[in-house]
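Asks: Quick note: the sequence shown, position 37, residue 17 per our numbering, numbers continuous.
These are computed hints drawn from the structure, not numbers from a lab.
For every residue, glycine included, the Cβ atom is placed at its ideal position computed from N, Cα and C.
Every clue listed holds true.
Computed Cβ-Cβ distance ranges for the label pairs, DEER-style:
#1 F77 / E29: 20 to 28 angstroms
#2 E(-13) / E29: 29 to 37 angstroms
#3 I(-6) / M42: 15 to 23 angstroms
#4 R28 / D73: 34 to 42 angstroms
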Amino acid sequence: MPYHYLEDIGTADIAFEATGCDLSELFRDAADATMNVMIDNLQAIEPRENRHIELSSDEIDMLLFDFLQELIYFKDAERLLLRVRDTRIEQRDGNYFLKA
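Given only the sequences and the hints, what does the whole structure look like? Please build it.
Replies: In structure tokens form, the structure reads like this:
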């Protein structure tokens, strides 16, 4: 499994560890871990809408945080669960850029 939940760390929130062969896969797996907290079966998320997310940060960990926050925003504000299919992460000029 590309992620697992850490039982002894989070008390009010959920904690997980995600892995991937590259940053793009890691971000997709972290997105799946986040969505899997909200729905038992990720396969139940049917592709009805396409949304594009573009973010940037000078720190890779903050880019991941912002990306997961964006997914949570769509769930809260639009009642929309998104399954991330494709991510691209580039680093240039000291910044990281994400397209999903």
